[in-house]
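Visitor: This is what each chain is made of:
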Amino acid sequence: MARVNNWQLGREMSYWYPEARPQKQFAAVFDTNKCIACQTCTLACKTTWTSGKGQEYMLWNNVETKPYGFYPLAWDLNLLEMLGGQEWDETGERPVYQGSTIFESAPAGERVLGWRPEDQDYSYPNVGEDDCAGQVDGGASLAASHDMAWFYYLARICNHCTYPACLASCPRGSIYKRPEDGIVLVDQGRCRGYQECVRGCPYKKVFYNAMTGTSEKCIACFPKMETGIQPQCFVNCIGKIRMAGYLNTPENAREDNPLDYLVHIKKVALPLFPQFGLEPNVYYIPPVHVPTSFTSQMFGPGVGKAIETYRSAATDSDLAGLLGLFGSSERVMTRWRRIGETVTGLDDDGNVLVNVPLKEPVHIRPAYDKLYQVTRSNCP
Amino acid sequence: MGPNQFFNSDNKDRDTIMLAALTGNVGKIGGNIGSYAGNYRTALFNGCPQYINENPFDIELDPTKPARPKAYWTAESAHYYNHEDHPLKVGNTILTGKTHMPCPTKSLWFANANSILGNVKWHYNQVFNALPKIEMIAVNEWWWSTSCEWADVVFGVDSWAELKHPDMTASVTNPFLIVFPRTPIERIFNTIGDIEVYSLVASKLAELTGDQRFNDYWKFVNENNTDVYLQRILDNSTNTKGYNFSELHAKALEGIPALMNSRTTPKNVGYDQLTDSTPWYTKSGRLEFYREEDEFIDAGENLPVHREPVDSTFLEPNIIIAPPHEALRPKGPEDYGAKRDDLSCETRCGRNVVYTWEEARKTAHPLVKDGFKFIFHTPKYRHGSHTTPIDTDMVAILFGPFGDIYRHDKRSPFVTEGYVDINPTDAKELGINDGDYVWIDPDPEDRPFRGWQNDKRNYEVARMMCRARYYPGTPRGVTRMWFNMYAATPGSQQGAKEREDGLAKNPRTNYQAMFRSGSHQSATRGWLKPTWMTDSLVRKGMFGQGIGKGFAPDIHCPTGAPREAFVKISKAEPGGIDGKGLWRPVDLGIRPRNESDAMKRYLAGEFMKRK
Ligand code: SF4
Ligand code: SF4
Numbered sequence: 076m077a078r079v080n081n082w083q084l085g086r087e088m089s090y091w092y093p094e095a096r097p098q099k100q101f102a103a104v105f106d107t108n109k110c111i112a113c114q115t116c117t118l119a120c121k122t123t124w125t126s127g128k129g130q131e132y133m134l135w136n137n138v139e140t141k142p143y144g145f146y147p148l149a150w151d152l153n154l155l156e157m158l159g160g161q162e163w164d165e166t167g168e169r170p171v172y173q174g175s176t177i178f179e180s181a182p183a184g185e186r187v188l189g190w191r192p193e194d195q196d197y198s199y200p201n202v203g204e205d206d207c208a209g210q211v212d213g214g215a216s217l218a219a220s221h222d223m224a225w226f227y228y229l230a231r232i233c234n235h236c237t238y239p240a241c242l243a244s245c246p247r248g249s250i251y252k253r254p255e256d257g258i259v260l261v262d263q264g265r266c267r268g269y270q271e272c273v274r275g276c277p278y279k280k281v282f283y284n285a286m287t288g289t290s291e292k293c294i295a296c297f298p299k300m301e302t303g304i305q306p307q308c309f310v311n312c313i314g315k316i317r318m319a320g321y322l323n324t325p326e327n328a329r330e331d332n333p334l335d336y337l338v339h340i341k342k343v344a345l346p347l348f349p350q351f352g353l354e355p356n357v358y359y360i361p362p363v364h365v366p367t368s369f370t371s372q373m374f375g376p377g378v379g380k381a382i383e384t385y386r387s388a389a390t391d392s393d394l395a396g397l398l399g400l401f402g403s404s405e406r407v408m409t410r411w412r413r414i415g416e417t418v419t420g421l422d423d424d425g426n427v428l429v430n431v432p433l434k435e436p437v438h439i440r441p442a443y444d445k446l447y448q449v450t451r452s453n454c455p
Numbered sequence: 100m101g102p103n104q105f106f107n108s109d110n111k112d113r114d115t116i117m118l119a120a121l122t123g124n125v126g127k128i129g130g131n132i133g134s135y136a137g138n139y140r141t142a143l144f145n146g147c148p149q150y151i152n153e154n155p156f157d158i159e160l161d162p163t164k165p166a167r168p169k170a171y172w173t174a175e176s177a178h179y180y181n182h183e184d185h186p187l188k189v190g191n192t193i194l195t196g197k198t199h200m201p202c203p204t205k206s207l208w209f210a211n212a213n214s215i216l217g218n219v220k221w222h223y224n225q226v227f228n229a230l231p232k233i234e235m236i237a238v239n240e241w242w243w244s245t246s247c248e249w250a251d252v253v254f255g256v257d258s259w260a261e262l263k264h265p266d267m268t269a270s271v272t273n274p275f276l277i278v279f280p281r282t283p284i285e286r287i288f289n290t291i292g293d294i295e296v297y298s299l300v301a302s303k304l305a306e307l308t309g310d311q312r313f314n315d316y317w318k319f320v321n322e323n324n325t326d327v328y329l330q331r332i333l334d335n336s337t338n339t340k341g342y343n344f345s346e347l348h349a350k351a352l353e354g355i356p357a358l359m360n361s362r363t364t365p366k367n368v369g370y371d372q373l374t375d376s377t378p379w380y381t382k383s384g385r386l387e388f389y390r391e392e393d394e395f396i397d398a399g400e401n402l403p404v405h406r407e408p409v410d411s412t413f414l415e416p417n418i419i420i421a422p423p424h425e426a427l428r429p430k431g432p433e434d435y436g437a438k439r440d441d442l443s444c445e446t447r448c449g450r451n452v453v454y455t456w457e458e459a460r461k462t463a464h465p466l467v468k469d470g471f472k473f474i475f476h477t478p479k480y481r482h483g484s485h486t487t488p489i490d491t492d493m494v495a496i497l498f499g500p501f502g503d504i505y506r507h508d509k510r511s512p513f514v515t516e517g518y519v520d521i522n523p524t525d526a527k528e529l530g531i532n533d534g535d536y537v538w539i540d541p542d543p544e545d546r547p548f549r550g551w552q553n554d555k556r557n558y559e560v561a562r563m564m565c566r567a568r569y570y571p572g573t574p575r576g577v578t579r580m581w582f583n584m585y586a587a588t589p590g591s592q593q594g595a596k597e598r599e600d601g602l603a604k605n606p607r608t609n610y611q612a613m614f615r616s617g618s619h620q621s622a623t624r625g626w627l628k629p630t631w632m633t634d635s636l637v638r639k640g641m642f643g644q645g646i647g648k649g650f651a652p653d654i655h656c657p658t659g660a661p662r663e664a665f666v667k668i669s670k671a672e673p674g675g676i677d678g679k680g681l682w683r684p685v686d687l688g689i690r691p692r693n694e695s696d697a698m699k700r701y702l703a704g705e706f707m708k709r710k
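Protein chains in written order, with the numbering used here: chain A, 76 to 455; chain B, 100 to 710.
Rather than coming from a laboratory, the hints here were simulated on the basis of the structure. Glycine included, C-beta positions come from ideal geometry on N, C-alpha and C. Treat the hints with care, since some could be wrong.
[To be verified] Covered by chain B, per the in silico footprint, the following chain A stretches (three or more residues, Cβ under 8 Å): (1) 117 to 126; (2) 154 to 161; (3) 370 to 380.
[Said to hold, decoys possible] Some, not all, of what chain B presents toward chain A, calculated at C-beta under 10 Å: (4) Asn289; (5) Asn360; (6) Phe501; (7) Asn522.
[Said to hold, decoys possible] Lysine to any residue pairs mimicking SDA-like chemistry, simulated, CA-CA at most 25 Å apart: (8) B/Lys708 to A/Pro182; (9) B/Lys111 to A/Val211; (10) B/Lys350 to A/Gly399; (11) B/Lys710 to A/Asp164; (12) B/Lys350 to A/Val429; (13) B/Lys710 to A/Ser175; (14) A/Lys315 to B/Gly133; (15) B/Lys667 to B/Glu597; (16) A/Lys315 to B/Thr487; (17) A/Lys315 to B/Thr272; (18) A/Lys445 to B/Gly369; (19) B/Lys382 to A/Ala442; (20) A/Lys342 to A/Gln98; (21) A/Lys299 to B/Pro283; (22) B/Lys127 to A/Glu435; (23) B/Lys527 to A/Gly209; (24) B/Lys340 to A/Ile439; (25) B/Lys127 to A/Thr302; (26) B/Lys699 to A/Arg191; (27) B/Lys169 to A/Thr450; (28) B/Lys699 to A/Pro192; (29) B/Lys710 to A/Ser89; (30) A/Lys434 to B/Gly129; (31) B/Lys127 to A/Pro441; (32) B/Lys699 to A/Gln195; (33) B/Lys667 to B/Ile277; (34) A/Lys342 to B/Lys708; (35) B/Lys708 to A/Pro432; (36) B/Lys127 to A/Ala389; (37) A/Lys128 to B/Phe288; (38) A/Lys445 to B/Thr364; (39) B/Lys382 to B/Arg575; (40) A/Lys315 to B/Ile277.
Please work from the sequences and hints to get the whole structure.
Guide: Here is the structure:
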C-alpha cells in the first residue's frame, strides 16, 4: 500500500499503487437538476457498445431514480452499510474525511472492501423509477423544497477514477489507466475473468461478459474523445445535463477550463460518494430540492454550498453562461469565456467551437414580411 | 401528456385560460396556459392543402408551379368509429351535432397510427364488436403493432431512419422546422416508402381504369422528387414562405435546423391579438368565456363550471358542481326522455345534473357498492410516445420497474411488462404486495367489451392482468397505468401457451404483447361529450385564418376521454419468481413501505456523520 493524496477527502490515503496522475484527466459534470430520466443516454451507449452476446444485461451508462432506484440492486446501499461510520470533520478550513475508504477498510488478504452482485441483481434496471421518499396519501401540494416527497435522477457512467478500485483489485494487472487522458480500460487480452474488479468497483461499473470470459466497462468513448468529440451519452443527452472535458487538480485549476471552473472554483459540482476514496471524476451538481442529509451522504459535505452557488446563477452571468454551454456542441470544450451576452466554447488552441447567447433571445418578426409578401403569425 | 384528453377538459381549459386572461397572462412571453397536443402541428403548415387537397381533376405537372387545391373529401372524427358508429343518444334525444357524423365506417387505412386501432381506447370492444362490420383494414407500419394483428393488409414501410423520400414537420412546443433528409442508411428489411404505397396503388388503378390521372397525381413521387410537394407547402405556409427546400435539405444533412418564422420566437400564442389587435377565432373576435350557444346552455356549461370526470371519480360521475345561479338552467335527464337516476355509461355522457359541493360530496360512483375503489388513469410515458410501441428489448427493459432482459420469471410476457401504480396503503389493504400480479376490472356494463359475459374465449384475452407497483407518489384511491403498451391478442396468448420460452409472442406474426391478458385499454371506453359535438360553435379552421362552425377534426370534436376509468383491483398471483414468494426488490428491503433497517438509514442520510 502506498500513501497518495486524495483532494476530495482533504487528506492522504492508502492505495494499492503509488500516486501517478495522468497528463490530463478525463472528467465530466452532470447537472442532476436537468435530467429527466429519459434514458436516451443509456440507449445511446447500449446501441453503440453493448449490443453483443453476453452484454445483454450491461448498462455502461444507466440512470436511476434516487432514493429507490439501483442498478445493480442495492449497489450503494450495500457498500455504505459495509463501510460503517463515514465521518467528515468540517471544523477546519476545508472538510477532511475521517472515516475510512474502501482501500483502508479492506479485509485482511483483500485489496479493497467490496462485494459482488448476483446475477439477479442486474434485473430491473429501472426499479424505483419516479418513486418518491415519503408517501403522498392525499391532500398534498408541491412546495419549493419537497421535504415531504422527493426523488431525483442520477445518471451514472464509469467515473474513470484517479484511484480506481477496479484497477487495484485486479490480480493480473489487466486494468490500466491511460497516462494521456486518465481513461480506465480493461485489457481484453490479459483479462482472465476473475471478476475481482466487479467485486472491487464500488460503483459497479465493470461487468463480466460470460460469452467472452472477460470483464468490460465504459471506455469514455475514447475513439471519440481522441478526436475532440464528446462521448455518445453526452452528445445524445436530451436534457443537456452533461459536459465532458479534462479536470486539473485543485492547485492547478484554470478559470477558463469549464470543468475546473465548476468543480474547483465555484465548487458547484461534487464527486459521487467521495468517501469511498477513489477520487471519481464525474461531478454532479446536486439536486436543489432534496434534503441535504441524503445528498450529502452521496456527494459529500459541499452540498449545501453548491446548491447556494447554483441558485445564485440567476445573478451570476458567468455561472449561468457556462451552464448554458452544456449540450451546445458535440465537441469537447476545453476552454470557455463569456464576453457580455455571448458565451463561447473553445478548444485548446483557442479555436471557437460554439457561441451561445447568455439568454435565449426573443425574435419578434414584422406582422407582414414585405420581401416574401406574407403575414407571419403565431396561429397560422 | 393528455390532460387535454379528459372528458371535462374543455371546461377545465376555459377556466384556466380565463384565469390567465384575468391576470393579464395571455399573449405574453412566459404566460399562457397549455398542454402539449401533437395534433396541432398540422396547422403549422397551412400550405398543406397544396398537397392534400390538390384538385385530382386539375393536376399541376409543372414542378415550378403551385397546385390548385380543391377538396373533394370531408373529414370524419374517429371517435364515432370508436363508438360502434353510433352518435350519442340520451333517452330519445340525439346529442351529436349533424356536422359531426356523416357516415358509418366502411374501411380503414392508416399509417403509423396505432391509436386508431391497436392502442385505441375501449380496444377490445373495437376489435370484437366493431371490426367485424368493417370491410377492409389496411395499415402502413414499420413495426408489427397491435393494429397489424387486426389488419387485413399490412404494408411494411420505411422507418423514419430509412426515409428515401424527404419529409418535414414541426412541433407546437419548439420553434424548429424539422426536415428529414434522404438518408444514406440502407433499409433493414424489404420495405418501401410510406408515400410509395399510395403511389403504387394509384398506378395499379391507372392500369385497371386506363385513367392516367391516377399516375399524374403521384408524379413527383414516381420521379423520386417529392421535394416539389414539400416546396409547394413551404411556399404557401405563412411561416415558411421564403424557404427553399433544397437549401433546407442540404442543411438538414449537416444537422443544421431551421426556424419556423412565426410572429415571435419562441412562439407565443396571442401575441398577434394582443399587439396588433387581430381578432381571436371567435364570434365576437374577443376571448369569450361565456358560451351563449343553445348546446352550451342546455348542457349547463354556458358559464365555466366544474364537471366531475365521466368515470374516474369517487363521486357521482359527470355531475356539474356549482352553486345555484340564474344563468345555469341545463336540460335535465327528463328533458331528454331519460330517467334522472340512469347512470348507465351512454346516458351519463349527456346527463346534466347540478349539485352544490355540499350535495356532491355525499354522492358516490355507482360501482362503489360493488367494491370498485380506484380511479384509473392512463397518461403517456417517457419511454414510448403516443402510438410508438415498446417492442425492442433494449427500450423495453427500461420501461418501468419490471424490466428483466433474461426473464428470470417465465410468466413475464416480454422482457418487461405492463404494470399499475398503486398507493402502498391501498395495496396493503387489499393484500397486494409490491410486484404481485393483479386483475383490474372496469365497469362490467360494457367493458372490456360489450357482451363479455357470454364470450368466455375473448374475455380471456381481454381481461386486464398486470403487475402492481407500490407507488408512494400517488394519492390513495388513484392508480395509474401508462398508455403505450402492446395489448394481449389471441395470438400473443397462444404464444404464451405454446412457446417453450413462454413469451407472449404470436407464433404466426411475431407480435409481442406486454400483457399476459388485456391492456390498459381494457378499462377505457369512448365517451362522447355534447359540448364537443355542437353545430353552432364558431372556431378556427384547421389551416389559415378562416373561421367556421361546428365539426372540424381535432378542433371541435370529441376527445373520447381515453384516459379515465373507475376500477376494481384484486390480487392474482404472488410477485416472486414463477409465483413463489416476494418480488426480489421487496425481499431485499429496498422498496417503499418494505424498507430494511439499512434502507431506512440510507433514506435518512444516516451513513454520513458530520463534525
Ligand atoms: S468507476 Fe469503477 S470501473 Fe470506473 S474507474 Fe472507478 S473503480 Fe474502475
Ligand atoms: S439523456 Fe440526459 S436527460 Fe436523458 S436520462 Fe440521460 S442524462 Fe438524463
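Visitor: Starting from the hint list further up, note which numbers the structure goes against and sort them upward.
Guide: Going through the list in order, the structure violates hints 4, 15, 25, 33, 35, 39 and respects the others.
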